[in-house]
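Chemist: Residues per chain are reported as follows:
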Amino acid sequence: MQMESRIDSRAFEAFSEAVATLAGPALQRWKERGGKVVGFFCSMVPEEMFMAAGLLPFRMRATGSTGTELADAYLTRLNCSFPRNCLNLAFEGEFEFLDGLVGINSCDHIRRVYDNWKRQLPMKFLEFLVLPRQTGPDQIAYWAEEIRKLRKSLEQQFKVELSDDDLRRAIALGNETRRLQRRLYELRRQERPPITGAEALVAMVAGTAIPKEEYNELLGEFLDELGEREGIGTYRARLMITGGILDDPAWVRAIEDVGGLVVTDGTCFGTRLMWDDIDEKLEDPIEALARYYLADRPSCPRIVDTQERRSHFTTEMYREFKCDGIIGEQMMFCDQWNVENYLLASDLKEEGIPFLKVEREYITSGTGQLKTRVQAFIESMGK
Amino acid sequence: MIAGGVDLGSATAKAVIMKDGDVVGTCIAPSSGHPLELAKSVMATALEQAGVPSIDHLENVVSTGYGRLNIPFASENVSEITCHAKGAHWMIPTLRTVIDIGGQDCKVISISDEGAVREFAMNDRCAAGTGRFFEGIARGLGCGLEGISALENQGEEPCTITNQCSVFAESEVVTLVNEGTDIRNIISGINISVAKRLRAMARRVGVVEDVALSGGCSKNQGLVTALGEMLNVSVRDLPHDPQIAGAVGAALIAMERLRAEA
Amino acid sequence: MVETEHPGITRFKEQRGQFQDLHAFSQLSDDPSIRLAGDFAKLVAEYRDAIVRASEEGEPFVANNYCTAPELTTAMDLPAFTFWDGAYLHVDEESFTDGIDGTAAMGISTDLCTLLRSAIYLVENGLLPTPAATVGILSPCDGMPMLQQVVKHSKHWGHVPWFCPDPPYFRDDRGLDYFAHEVRKMAAFLEQATSRTLDLDRLKEVIDESNRQYLLWQEYNELKRAVPCPQGVALGGMKCAGIAQMVNPGMRAGTEWFQKLVDVTEEKVANGLGGTKQEKVRIYWFDIPAGLWAADFLTWLEEELGAVVVMDFSTLYPYSLIDTSDEKEIWRGLARRLYDSPMIRQGLGPADGFVNDLPRILKDYKIDVVAWPGHMGHKEAQATVGIVRETCRDLGVPFLEIGMDLFDGRYTMADQIKDRFSRFFQAVGIQ
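Heads up: the protein sequence lines correspond to chains C, B and F, in order.
Heads up, the first sequence stops at 383 in this note's numbering, and the numbers go up one at a time, no gaps.
Heads up, the second sequence stops at 262 in this note's numbering, and the numbers go up one at a time, no gaps.
Heads up, the third sequence stops at 431 in this note's numbering, and the numbers go up one at a time, no gaps.
Treat each hint with caution, since some may be false.
No more than 30 Å apart at the CA atoms, straight line, and that leaves these computed lysine-lysine pairs for BS3-like [said to hold, decoys possible]:
no., chain 1, residue 1, chain 2, residue 2
1, B, Lys196, C, Lys349
2, C, Lys118, F, Lys13
3, F, Lys363, C, Lys149
On the chain F side, residues computed to face chain C include the following (Cβ under 10 Å) [claimed, not checked]:
no., residue
4, Leu112
5, Ser139
6, Pro140
7, Cys141
8, Asp142
9, His153
10, Trp157
11, Val160
12, Pro161
13, Trp162
14, Pro167
15, Leu176
16, Ala188
17, Gln192
18, Gly377
Residues of chain B placed beyond 12 Å of chain C at every Cβ, according to the derived structure [what the hints assert, rightly or not]:
no., residue
19, Met1
20, Ile2
21, Ser10
22, Gly65
23, Asn77
24, Glu80
25, His84
26, Ile92
27, Lys107
28, Asp113
29, Glu119
30, Met122
31, Cys159
32, Glu179
33, Glu229
Hints were generated in silico from the structure; no laboratory data involved.
Beta carbons are placed, not taken as given, at the ideal position from N, Cα and C, and that holds for glycine.
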């Protein structure tokens, strides 16, 4: 069953171009105008800092990677395919458009990208942030300190001054993005959503690779267009996807091809990026950023004292969007999502919520097995 | 009521014609690079066996298996998990657990009283415990798949094959052969190691009797016996060729749809 | 009413018996090194016994992870056990592999470290005694914090108060002070959860005792520099770290064991005796030593190839004194011990942690070969192998990559590993 949803839209075309490659047209135009780009791993990095410094924050992806042979000498085949593919593209020179890169200890695999990059590859500005593992006041204070350090190093490297007002403006801009993205998701609550999950993912990933003002304008346009579109009625089941780094619409499309319309998620290119806003009323914008990114927004298993809250977030989202089942994606060799899915499965079983865990590799290939599993899952729900 | 089911698997394609609740025509053929032609061809042979002039005489056809998408003469496609469960359950109504060992993957399906899928676990990460694995071993031993399967070839002192990876298990077998180990003990050792793997998967889903195997590898009597011992159950034999369970399920679903429309 | 014994206590009683038997058996040997290994078993039996008695007497005890400042629990008279100590202390292999397979049946993918999987199995099946409180670590790898989350979530332990000090990343004052503060919080947590008081003077006594242990450990390590290396892997870091951090942290009995270790080893060095009959190769095992199943090939290495594991991550514990005259330094000192713990020293922060020690170790211990086990579960180590390989190349020392499971012998078989060692030694011209 193919879900028909061809979108004829300037905005969506801009989004698609941004997502289909690493340095899309919008990013290239930005660079041509003299703009600078800083790449970063992990949604926990406060991108408002880059925005405040007049930089384009680029969430790292490995779109278009065709292999990991160069990277495998450093990150072995027992490591996650996401950073392996990123490192491979880096060795092939595909990240030369970056003016800086911020690494982080989000997980064992990602943190070693920094170590290997530092030794092997050129990068004018290479920083590392230490993210705490819990959400208590001492941890928030530590993270705030990391963000202050980032402020100083950005000021030094890019010869800018980052005043509190600059940060506040960036926070307001980021919150505007989040509001628009939430509106996008609200449309998917409907019985006949105007877009598929794959299309929504295109719109979300685009937000990590286009200058924010431009993106907000396009997204606003897109939302208006969607108001006019006819909803999708030909689907068998409404699904929610939970998990980590899912930036590939093709993977979602495979699920939707067998009748599972993805109406919401709990991923870090999805709702976890925007379900809450940064508190604009807090006097110290750095504290506001620290609180939001570490403690207040929906977390991932990297944070160890919020599993119950995460589970609750998942079941709430499932009910709000009237889903029929949840698919938990998990990258191979990811210890965090492996055990998280085990805990989540047990919580969901108690709630009577159908759950399917699916392992994947970063580069989507051979979707036959995925389609079989998802189709069987849908069929087992009686849908 | 007459309906058809076609199962396009990785190793073989199967077609089944069912009339009024009975299997009246079947065909099994090795997979080719041309799935649509193959689907038509196995269907044609099954039709001939059933004495049905053409596919147009079938009231409904459902497709399943990896190649199930884009079969124009099927009104819908259903996952092979659902179809195997349905087909095996039809064959033995008391069946509650099916262990399907196909060419490229293996799965365990927990079935409800009505033959619907409750839960399932799949191993599609690697070849371990699949037809491909056994082919490799059979080559290494020079005995053919029938050799591995025959009960009389299961040695009394099975070797411990510890390697979890099928590639390494193959080289482990080569080492044993070179050391002059009794081939029958290697054979039973291999079947036991696969049974252990299947048991791990089965426990994820929960083993409830009656239990049966489906798929090509279920013809391996050595494996069936080993698995029965591992799971501490009496593994039932499917009354029809276990390879056609998926296609039977598809045909049954085809008939269910017809009844629903009526 | 007959109260059924908690299965965890039953298991601990069995294990206590096993270690008592091991000790008794070892004392029949003429070899003082073997008797010493047996003495270790006696201390482990007592370690188990302490939990059993506390349970029977209704007294509190703690479940911890390694390097959670165990001096604290000693100072508070709280018996403690580590979640996964069974694997570490070489309790029976079969129940270990049953546990690993059990987690596959529970739906946990098999690429998670086997040590952690076996711990998860024990926790989720109520096979560990229920403590009054649990403390854990969130380093050096992704898997450990996930284990801690399973503990927190577990139905068996859901009501047990839980605390994990938040770990630092870089080896600097900021990280040290941050973690020292976390350790202080952990002490306060333990007091509250167990209703025991931490007396600072008592803590100083315990730390002074542990300082003596670490000093003796350092002496032992220096003795291992001798050629031939006086002790093989059987009396190595697994036991030293076991005593200092798990079984007898800051306890006199542990210090006495270390003293005997130094005495026995000094004697061997004085007589030019090695851990193996004819030492040909000195290995730096680049991880913690492998578990019980590996005894086979490690013994083979020593006997057949004359290859001795002179140094490994468990044995490598750089000595640093905790200055008990200054209260602030007490907490910093305890925090510093985290930085130096086996595996955490290497894996906690940036890749530098893996390679900084190399030049010194290679020189001090006259290492011929660096052997990299490539444990399947150790993701951040896997991601560091390229850096380590190139560092070894720069330092001119042969680097052997094995690829195995430190705890589950079914992953790569002993025979295959032996093969790799043989061929490697031939290739680099050592044999």
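Chemist: The structure should be examined with respect to each hint, and the outcome stated for every one.
Modeler: Cross-check of the supplied hints:
no.	hint	result
1	Lys196/B / Lys349/C	27 Å, holds
2	Lys118/C / Lys13/F	51 Å, violated
3	Lys363/F / Lys149/C	38 Å, violated
4	Leu112	5 Å, holds
5	Ser139	9 Å, holds
6	Pro140	9 Å, holds
7	Cys141	6 Å, holds
8	Asp142	4 Å, holds
9	His153	5 Å, holds
10	Trp157	13 Å, violated
11	Val160	15 Å, violated
12	Pro161	13 Å, violated
13	Trp162	9 Å, holds
14	Pro167	7 Å, holds
15	Leu176	13 Å, violated
16	Ala188	13 Å, violated
17	Gln192	15 Å, violated
18	Gly377	8 Å, holds
19	Met1	22 Å, holds
20	Ile2	24 Å, holds
21	Ser10	9 Å, violated
22	Gly65	9 Å, violated
23	Asn77	8 Å, violated
24	Glu80	7 Å, violated
25	His84	10 Å, violated
26	Ile92	20 Å, holds
27	Lys107	9 Å, violated
28	Asp113	14 Å, holds
29	Glu119	8 Å, violated
30	Met122	6 Å, violated
31	Cys159	28 Å, holds
32	Glu179	31 Å, holds
33	Glu229	29 Å, holds
Checked against the numbered hints above, the structure violates hints 2, 3, 10, 11, 12, 15, 16, 17, 21, 22, 23, 24, 25, 27, 29, 30; every other hint is satisfied.
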